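Student: Below are the chains, spelled out letter by letter.
4 protein chains.
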Amino acid sequence: MDFASDNASGASRKVLEALVAANEGSFPAYGGDPLTQAAEQRLAEVFERDCAVFLVATGTASNALALSALTPPFGAIFCHAHAHVMDDECGAPEFFSAGAKLVGMPGVAGKIAPSDLKTALAAYPRGLVKQVQPAALSLAQATESGTIYTCAEIAELARMAHAAGVSVHLDGARFANALVTLDCSPADMTWRAGVDVVSLGASKNGALACEAVVFFDKAKAVDFGYRRKRGGHTLSKGRFLAAQMLAWLDDGHWLQLARHSNACAQRLAGALGLIEGVRIAWPVEANELFVVMPRRADVALKAAGARYYEWSAERLAPPERPADGAIFVRLVTSFITREDDIDRFAAIVAKASAA
Amino acid sequence: MDFASDNASGASRKVLEALVAANEGSFPAYGGDPLTQAAEQRLAEVFERDCAVFLVATGTASNALALSALTPPFGAIFCHAHAHVMDDECGAPEFFSAGAKLVGMPGVAGKIAPSDLKTALAAYPRGLVKQVQPAALSLAQATESGTIYTCAEIAELARMAHAAGVSVHLDGARFANALVTLDCSPADMTWRAGVDVVSLGASKNGALACEAVVFFDKAKAVDFGYRRKRGGHTLSKGRFLAAQMLAWLDDGHWLQLARHSNACAQRLAGALGLIEGVRIAWPVEANELFVVMPRRADVALKAAGARYYEWSAERLAPPERPADGAIFVRLVTSFITREDDIDRFAAIVAKASAA
Amino acid sequence: MDFASDNASGASRKVLEALVAANEGSFPAYGGDPLTQAAEQRLAEVFERDCAVFLVATGTASNALALSALTPPFGAIFCHAHAHVMDDECGAPEFFSAGAKLVGMPGVAGKIAPSDLKTALAAYPRGLVKQVQPAALSLAQATESGTIYTCAEIAELARMAHAAGVSVHLDGARFANALVTLDCSPADMTWRAGVDVVSLGASKNGALACEAVVFFDKAKAVDFGYRRKRGGHTLSKGRFLAAQMLAWLDDGHWLQLARHSNACAQRLAGALGLIEGVRIAWPVEANELFVVMPRRADVALKAAGARYYEWSAERLAPPERPADGAIFVRLVTSFITREDDIDRFAAIVAKASAA
Amino acid sequence: MDFASDNASGASRKVLEALVAANEGSFPAYGGDPLTQAAEQRLAEVFERDCAVFLVATGTASNALALSALTPPFGAIFCHAHAHVMDDECGAPEFFSAGAKLVGMPGVAGKIAPSDLKTALAAYPRGLVKQVQPAALSLAQATESGTIYTCAEIAELARMAHAAGVSVHLDGARFANALVTLDCSPADMTWRAGVDVVSLGASKNGALACEAVVFFDKAKAVDFGYRRKRGGHTLSKGRFLAAQMLAWLDDGHWLQLARHSNACAQRLAGALGLIEGVRIAWPVEANELFVVMPRRADVALKAAGARYYEWSAERLAPPERPADGAIFVRLVTSFITREDDIDRFAAIVAKASAA
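Chains as they are written, first to last, in our numbering: chain A, 1 to 355; chain B, 1 to 355; chain C, 1 to 355; chain D, 1 to 355.
Excised from the complex, chain A in its bound form (with noise of 0.2 Å):
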């Protein structure tokens, strides 16, 4: 009963198999090799458009890379207030792009509404010469609520960023499980909603250690290359990078892996919601339930060695906090995520929350 992270989990057998396929032979370094290429190839046709890809091995460098490479060290990056990029990277953005400041947005379940962007978009005046300058927007999707948003927000959002000539970034580390419940395409979750940059992560997901930064706009990724080297960032063996993409994107691996954390999640949601006592904050829209429940369920579900992290109840909104005897906790479901775990897990909470 692991429901601590995505994190947890290894990688899928056909992403394992490919790496170990991988592993014959003798190839260039640093990416000039075939496997590297064809993920590049691959990619391309998965989001419908002639793009620049770099592959890396974490999240926080995937994001932190490819915000460097849309803002200046004197920009502002406009982002949720509790984005990843913002909580949970330890200032990696900060680090890459030597300096930007870091714009947080208010917003409920995790997603900027339109309003907030204008605010701070207008607070952040182009030309202003003592404040940091407007440059870009980071959205997550899926967010770090578990929430999504459709494509017609991403896309009102993004309108609003250019006509402020501020780019758009996509921090995809839960890409799949967004695109999944939203039956789109990747295009249509991203540059055809206006999205410059994105961040598409797959170690969450069923790879052990995979990212793609994908650019639309080739030339906004001109630096990228030595950005991504001086930060450490370009693998030696890099066919080993290209490997788990390809697997994972092959014949649509990823989306079936997607398909069953969110309908983990579903389950998960739906077998709590029916437990009196238990709330679920926020729409379940991927793979990640927050949710407050009582504290004697805390108790029996550690007891019985679940795995779940709390969560700060400064994220719900006051009247939504958890009352004394209550516990706000976040739960996520991966690819192998079991049902009978699910059912076991809810079936502690039902018990020890009617106790």
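Careful: at least some of the hints might be erroneous.
Any copy will do: because identical chains look the same in the list, a pair fits if it lies in one copy or spans two.
[To be verified] Derived pair list, reagent style SDA-like, types lysine to any residue, alpha-carbon separation capped at 25 Å:
#1 130 / 316
#2 220 / 126
#3 130 / 25
#4 130 / 104
Rather than coming from a laboratory, the hints here were simulated on the basis of the structure. Computed from a predicted structure; not experimentally measured.
Please arrange chains B, C and D on chain A, whose structure you already have, making use of the hints.
Tutor: Structure of chains B, C and D alone, referenced to chain A:
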């Protein structure tokens, strides 16, 4: 006949199998897993000392992060003028250190001489505000010229550095290759000789992508976790790094791999050294050869599909530079180099040189 | 009628004359001169404590350099959401700290409340690797809203900060204005209340360009000389900074200048406060007023050549924001403000508001 | 007898009076005042070209900010191995550029030879991802050895740089000293010879603290205002910088001051050159002399209160280094140097050397 790079190989079977075995199950992310703990423990045993260990995926990250822990932004990092950290990492040490200055020293065959270190240290007196302050000495073992320092040589340079308040870093991208040549213990080649931090590389010698930053003075490592995280170098599924390191170190595997590489280099050097018109530039002490040979040998080798890099003749003293009709090349052997490729390579050179 | 900025003034006659007097003779450069030594000594007397003093020419340099001495690159700097260091220095603190994160806190009238500091500190637990680490608290005295903290308020915030291992910086661009209002000693308002470093500003209050960074804990200042130098803030002819500081501090000159500014602000507030339709937003405790007034008053003032800035109504709570037909402005007095300008300004507002 | 530094002097009377005159009245801050506008206009006339001008208070800021506008963080800045930007600014160029690498070139008497620039450019091929990318060439005019480039020499180096896509910066801390020696126009010595940006220094030659960064290609300056601001180098009372620059440039004042300094250097060189046992190391072309003299002369001078710095003998070719009993020193003249001090200095040397 691929002598281009030790990064052209994949992983050893043993390392790969360990990676596959590590895939099962659900474990805490970001290095909180038992394999990571075991790898840290194992490295402490290997180095016969309590130490602080951090695994990363690339050598550039390992070097640049290690150096960033030793220098303030206004520090001087002393290294060979053609060290990897100086020439081949696109400014990663400057990036991770927020702008420290690498001070290149001359030195025959890639090695720093005590007299040159003395001069360099004297040029950066502590407390002279207009200058960057002496902070770190970075030695490569083996060097970029395929040579190695004896333990006594390391100790002498380290003593001089420490006397000037300068910490000592060892770029051990080819640590194992040097170790088996010296036939000493890891402790002898590092902390017993005064090394404070070693970047221990497995990637070039049998791993997919795995390096360990090992601090012998744990006080110097207190901030390293944050630096690694904000550099995007904390892998979410840390067990995959640990599995590689454990298998690589297990039962002398790393030394066996290095012995093979080195033996291949010796065999190649032996064969080439007999050929008239061919000259080996520097002592072959690890798994690299630097060779002046006739251009017609180069033509014949390329025609036969051999791979290797031409090297900058500027690295040679003027009288040793290739004359017209000759070329200076680097040849690298690895754990997958085969004897028949060596013999075939040498035969082609011999035949073409004699033509 | 220039109420745009206290930077609109030149220097006081006394400061200017000291500058001229300092011109004679030949002295060691870069702060090695006797005037610089005397200024350092004088500041130690003023603060009743041995301290490390560094003179610079701008307030942004003073703040950003001071903060860079308190935080690692992966640190969090807590400040008011609309602090000068947050909003008006184009990212200088991020630049000088190599990418630290400024964490803005809300707070009425520019002041940080202990409860908000508590929440902010709780959001950045020490040792949580994925987050930047708590490093510094920056308070402005006076604040950007023209208000001031009592010594007890500073002490309470400083206690909370220190308990969390966080150093305390005071942005004293308007230090003297706050000091004369509190009628306390410089020591009371700083180190006795727990302040570790103060950026003491003279430029806005009678100097041409002179600020002092004063460290009460000299251990925190050991690297500061290098930081100032590489920031390009070590003036070659340091005596010109020292001469300003000495004259400014001499015989209570700085306090006289500040008293005049503050008295002008009170006189203006008194006059405007009587006018129907005019509202002063926050307590006038230093030399700034923030005023909601009818737009027709704005028109009349501009027609009469008055200078001041419109201010962001976002800084006001929604119910206090100007209605249609009204405008929110900032008015700043300085040591050169004249009473007749104040009276004329108020008369214009009164007449236009009554129209 | 102060020959320690041209920074030991104060300001010229004319500059000082202009500063005092600029004090009256109330003006927009941060460079929005009419004097700043006039100074920009005046510099455009002096350089016979529309240009983007930014005033700052220090030479280090001027150099480092200018270079940061020419290089990406992963760029190479080519300069003399003993340039001021390399040796005397505590890493400011690395800081402002977010980690660019300064590549030092050898060169007799502080001057870069075309052949050495060719070698350096060849060592940093564009597009080689593992290396920093060629970005800027920084020449000092006059050099740190007191020598100067002819306009033709500048033009040749600039042509080579531009052919490699490298911008050209001129460190003009002693611009006027070089200009009067060459007896050419500022335009001839800069943009007509291919210089893209000049750091024009007034501080060492009659100003209190004033330097101008002048961009001949305004496109390179679009971001400069932000860079200056976040570097803390935008003075709040900008008129005080402008007043210095205007007075300094007025009616050839800057050239008169430089002519005096240079003439003093010639007089001193003439006198010292006649003394047996004294050797002047490099051509005296500006206001600096580098002299090998007997240690007993040094003793006598010090006893008489003379001030100057011993200089690193490493800057001399081995056969030219001082023998035992001799010392290598730098002597700098300035606009306040007096003939009788020169004559007295030379007399002491002559007497002691003959002893």
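Student: Checking residue 130 and residue 316: alpha-carbon separation at most 25 Å within a copy, between copies, both or neither?
Tutor: between (34 Å within a copy, 21 Å between copies)
Student: Can you tell me if residue 130 and residue 25 fall within 25 Å by alpha carbon in one copy, between copies, both or neither?
Tutor: Close across copies (24 Å), not inside one copy (56 Å); limit 25 Å.
Student: Pop the pair residue 130 and residue 104 into one bin, within, between, both or neither, using alpha-carbon distances up to 25 Å.
Tutor: both (19 Å within a copy, 17 Å between copies)
Student: Between copies, within a copy, both or neither: which fits residue 220 and residue 126 at Cα up to 25 Å?
Tutor: Both, since 20 Å and 18 Å are each at most 25 Å.
In this structure, none of the earlier numbered hints is contradicted; all agree with it.
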